[in-house]
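There are 2 protein chains.
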Amino acid sequence: MTKERHIFIENVNPVVACGRYPAKRTVGEECLVEATIFRDSADIIRAELCWQGDSDTHKQTIPMTLVNRGLDFWQGNFKVTDIGCFTFTIEAWTDIYATWVRELDRKVNAGRVDLASELAEGLMLIEKIHAGAKGNDRAILDGALATLQPGSDANTALAMVSRHDVEQVAEKLQPREDAVVSDEYRLYVERKRALFGSWYELFPRSQTDAADRSGTFKEAEKRLDYVRDLGFDVIYLPPIHPIGHTARKGKNNSLVAEPGDVGSPWAIGNENGGHDAIEPSLGTLNDFKSYVKTANKMGIEIALDFAINCSPDHPWVKQHPDWFYHRPDGTIKYSENPPKKYEDIYPINFDTSDKEGLWEALKNVLLHWVECGVTIFRVDNPHTKPFVFWEWVIKEIHKKNPDVIFLAEAFSRPPIMKLLAKIGFSQSYSYFTWRNSKDELQEYLTELTQTDMAEYYRPNFFTNTQDILTEYLQHGGPSAFKIRLLLAATLSPTYGIYSGFEFFENVAVAPGKEEYLNSEKYEIKVRDLTQPSMHDLIARVNQIRRENPALQVLRNVQFFESDNDQIIFYGKMTPDRSNILLIAVSLDPFQAQASTVRVPLDKLGIPWGSRYNVRDLLTGEVYNWGEHNYVYLNPMGTPAHILKVERL
Amino acid sequence: MTKERHIFIENVNPVVACGRYPAKRTVGEECLVEATIFRDSADIIRAELCWQGDSDTHKQTIPMTLVNRGLDFWQGNFKVTDIGCFTFTIEAWTDIYATWVRELDRKVNAGRVDLASELAEGLMLIEKIHAGAKGNDRAILDGALATLQPGSDANTALAMVSRHDVEQVAEKLQPREDAVVSDEYRLYVERKRALFGSWYELFPRSQTDAADRSGTFKEAEKRLDYVRDLGFDVIYLPPIHPIGHTARKGKNNSLVAEPGDVGSPWAIGNENGGHDAIEPSLGTLNDFKSYVKTANKMGIEIALDFAINCSPDHPWVKQHPDWFYHRPDGTIKYSENPPKKYEDIYPINFDTSDKEGLWEALKNVLLHWVECGVTIFRVDNPHTKPFVFWEWVIKEIHKKNPDVIFLAEAFSRPPIMKLLAKIGFSQSYSYFTWRNSKDELQEYLTELTQTDMAEYYRPNFFTNTQDILTEYLQHGGPSAFKIRLLLAATLSPTYGIYSGFEFFENVAVAPGKEEYLNSEKYEIKVRDLTQPSMHDLIARVNQIRRENPALQVLRNVQFFESDNDQIIFYGKMTPDRSNILLIAVSLDPFQAQASTVRVPLDKLGIPWGSRYNVRDLLTGEVYNWGEHNYVYLNPMGTPAHILKVERL
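Taken in sequence, the protein lines are chains G and F. For the first sequence, the numbering used here assigns the number 7 to the initial residue and increments by one for each residue that follows. For the second sequence, the numbering used here assigns the number 7 to the initial residue and increments by one for each residue that follows.
By construction, these hints were calculated from the structure, which means they are not laboratory data. Treat the hints loosely; a few may be bogus.
The list cannot tell twin chains apart, which means a pair is met if one copy fits it or any two copies do.
[As the list claims (entries may be wrong)] Derived DSBU-like pairs: lysine-lysine, alpha-carbon spacing no greater than 35 Å straight-line: (1) Lys401 to Lys519; (2) Lys406 to Lys257; (3) Lys401 to Lys444; (4) Lys134 to Lys346; (5) Lys391 to Lys295; (6) Lys65 to Lys228; (7) Lys113 to Lys324; (8) Lys178 to Lys339; (9) Lys85 to Lys361; (10) Lys609 to Lys444; (11) Lys113 to Lys257; (12) Lys303 to Lys361; (13) Lys140 to Lys339; (14) Lys401 to Lys198; (15) Lys519 to Lys113.
Computed from a predicted structure; not experimentally measured.
Construct the entire structure; sequences and hints are all you get.
Here it is, written out as structure tokens:
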């Protein structure tokens, strides 16, 4: 920044927390840069946007546009094409040439006759520019100089100096004497799957026909077509490692395990190995690799759980006792949240004196699974480990594997969930799971898309998890499941379901609890895949998501008027309006609801007063719509319309 | 900041533009500092606010309070007591002691019996603290240590370690091993008049009984009691310097002055001197000093115009031709805004090669008037001069005269007006003058008080100026004047009127223009001070402003419900609620209006459902009010209530 500035560049966006953290984009997204740029006189200024990827050899630039003169509001746009870090700056300067032409133009048009002085000024200015010009540029400026000689006619001169080619050359070559450059801001670009994907959580040990026999990766591999047919892009696997014996939890989280109880996959480690091993009853590492490879061939990625918990039987307990917390008598502490004790889990001490050893070991666990084909990690409770560890380990992994995606499973307070996103997690679980009413949904989505969260927080709208069966799902019947699926899949580009959701599983362990009865966390669950389900709806919705780019980004959701609080109505469209969806979802799982919904035609680029067709992508039906439209949604059928605007 | 952090301090306020500019306060105001502070485990943390004035020898600290646990939202408060720069930081650390006591407490309360290990941990911790303790602190810790020896009873230990005095000493003396300190932020503190004051603009040459004879400072001095009786704190004088002859403007801005035409005071400089001289027809420098002194004795400050314009006859034109813009033929340029020419004004070239000479000379002009008793400058069109000049000159003046107040007269685009406030202007003219409807007023006041503008932008709500007679005043009759006065004086702690306002002067030079007919800018204006006026209302309103601290700050305005768009209803109160005002103003200058207004009792600390008295400070009448109240305002009387809440 030059010290004595005439020009100021303020309110630059996207910038997260004053630039302390990078804003995020995914490959193929545009980065719309906005700023307030002005100077302390009426001289004309120009601005350009400069950006560079960490693998680019040179900067790229594009002129910015003054889109609101009264607010000195400028915009510029560039498309990110590669994974990695980008930086961008804004440069602004006075356009001396255009300022002079404008003044001459005003005076000529005011009928002033003696403009010899103005022409002489222009002559001096263009001579200066001309001195540095070459070839055709020089020839063009020669023409301008000729009309500015003493005695020239001002009208002739004006016609020449305001010619497009003359202006172009002069503005390009003129000195940027008072140029000002903004601070440099960062952008972190990940692959598209960080933003858009449909997730399915399953326990591999449940991929069996008998509750007393663990499913294996071999069996799970045979059932991959089930997930593919539903249209999912990602399978999330809870931990697949050997499970501890000491204080193993029994069915329904009972303190004493019965013989044959399989234990919680989150109590990791026994004599067969720790975080880099496979639970033997699931098969071998090669079985896992084969599973991953087959899934990948089907277009499905495998997301592995990364839970930094150790059972008392984990190899690290003996190899690295210093990685754990110790009591004064030297014994190792188990997890506690008084009055609760978790004697099957030893928490890790990240502040251990052997921090380097510990952190490297954890990094190597991740790298091990990356080598086995894992491309996504769902990180268990990251907020109970140091933020700085995550910042470090994600950067380390991304050094050689920038395509790895990290999902933060932190159901915590907003500042904590936000910070994890800022320091590097690609995605985060969200509060969507508990936002049921229209007001709640609109408020939460507005925060996610209209505040600075939109620049760094990519929510993954899970409808349920192995821990969370919401009251709405417990008591709303099959329609509730459809409603939550439709909301999740159309509000957020990334969403997920935990298996059993498709079969409307809705029995909680106790009233007021969100845990499942006979939770799959503690036992093998055999599901009859032929029982009544919402397979068709899920498959259809996932197909619609793939076919409609408007559903593949988050920030574009806009809520529109609906005069019934039980019907939420919103639009999503691509920036070029080539894909416009209007979505109405009934939030009432019990009764039919009707509403008049208002389509803001101007926002959609539809001429005022004109009519257009909308096609319901769920049913194929076509309606002729205008500004105000009637919507009727019956929970016994499909409680939503996903309407694609078809221009007439 | 320590590198490996467990604790994060985010979203600190008040911070302007990421700390690039200081936030502003006035002496006696509290500075409420807010931040999001959290760490990556459930350990208890503490935070304190540290601040220091530039003349303080040491930092002061005060503990911050966690006011919203779910949002990790902390607050701390300190009162600024001196003019000048303050800095503040936030420090946060883990309270190891309190964390340990909480864990012990939970386990004891869960009925756990074997807590030897927990007591042993406490013993180690307190021994460490004890090592650095002295005197009574040490004795108190001795008591705690005694209850933690091997074999101690956990209940007894808990009772002792959670005793208030033990906790206090332990928390004070424990090491802050993981302490984190925020960035340092700045606060610029000015005297109270920068925030609160009632202004009156007058032309000293009009303080006469005859339009053909200039008023003098001696006569103006005699009429000071007129302004004092109206209750004003500040008199703003347009430029008082010698007026140029060349191209002098005649009455009503005519291009040719008649003999005897006095010219515009903003065309500064002739053979009698420039910016540091007094127009001889006004009297001598000593007359001016006497005027200032007498005003000061009455409690009135003098604000002088600082207009960096030179007439072609200004001494600087000959002494420093290089301070002006030149045409190629060497002549000096006058001001132009094609097609308009201002041949009576030579603009200054701030980028002159003799910049140091020019900038110093301008500084010296200000210092000269400060020495003559001027304490406030109303700066004319600061946005047409370099921002960096203002930043520099205000800092220079404040070095030795930190009590000088600068008012920016920039009716420009929002970013420019905001920047001038950020870089140092104490006050700014505002868009209030053109905000007439309820929506417009509420929206503008919300921007001024609820966005970051509240931290740096102090608006001066002038109802009119010598250049601005709004359509609302031109056509609304006397009631319109009362309405605008009441709004200005109760919405903003600083407001002003330009003389003539009190006499309802409302004739514009032409339809659609905001300039006055026979503008005082170009002629001497004799006013009959005994003609019908709103003297009494102005005096009463200014008295109410002095007596009610709630009217002396800006940020406390809150808009409440009124079911009539023609009646605006708002509240202002002091933080301790000792002074609560409810203000209803009719915006209709023609017809009586009625409304039901709703008082949000909870915000005012009035118990739900209870009734209370309100006294109209304008009339003395007392009403018994509840939550919903009927208001009737007749423009023929006083179109407002200023109601003071009197508790029952």
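Hint check results:
For a Cα distance limit of 35 Å, the shortest separation of Lys401 from Lys519 qualifies neither inside one copy, at 38 Å, nor across copies, at 63 Å. When the C-alpha separation of Lys406 and Lys257 is checked against a cutoff of 35 Å, the pair qualifies neither within a copy, at 41 Å, nor between copies, at 78 Å. Taking the closest pair of Cα atoms, Lys401 and Lys444 never come within 35 Å of each other, the shortest separation being 39 Å inside a single copy and 53 Å across copies. In this assembly of identical chains, Lys134 and Lys346 lie within 35 Å of each other by CA distance solely across copies; the values are 29 Å between and 80 Å within a copy.
In this assembly of identical chains, Lys391 and Lys295 lie within 35 Å of each other by CA distance solely inside one copy; the values are 29 Å within and 70 Å between copies. Neither within a single protomer nor between protomers do Lys65 and Lys228 lie at most 35 Å apart by alpha-carbon distance, with minima of 49 Å and 69 Å respectively. In the homo-oligomer, the alpha carbons of Lys113 and Lys324 lie at most 35 Å apart only across protomers (28 Å), although the nearest pairing inside one protomer, at 88 Å, exceeds that limit. Taking identical chains as interchangeable, the C-alpha atoms of Lys178 and Lys339 lie at most 35 Å apart only when they sit on different chains, with a minimum of 28 Å there against 69 Å within one chain.
In this assembly of identical chains, Lys85 and Lys361 lie within 35 Å of each other by CA distance neither inside one copy nor across copies; the values are 40 Å within and 44 Å between. Taking identical chains as interchangeable, the C-alpha atoms of Lys609 and Lys444 lie at most 35 Å apart whether they share a chain (22 Å) or sit on different chains (27 Å). With identical chains, the CA atoms of Lys113 and Lys257 are at most 35 Å apart between copies only, with a shortest distance of 26 Å across copies and 89 Å within one. When the C-alpha separation of Lys303 and Lys361 is checked against a cutoff of 35 Å, the pair qualifies neither within a copy, at 39 Å, nor between copies, at 71 Å.
For the homomeric pair Lys140 and Lys339, the shortest alpha-carbon distance between copies (34 Å) is at most 35 Å, but the shortest distance inside one copy (77 Å) is not. Taking identical chains as interchangeable, the C-alpha atoms of Lys401 and Lys198 lie at most 35 Å apart only when both belong to the same chain, with a minimum of 18 Å there against 51 Å between chains. Within a single copy, Lys519 and Lys113 get their C-alpha atoms only as close as 79 Å, which misses the 35 Å cut-off; across copies the closest is 24 Å, which meets it.
The earlier numbered hints that this structure contradicts are 1, 2, 3, 6, 9 and 12.
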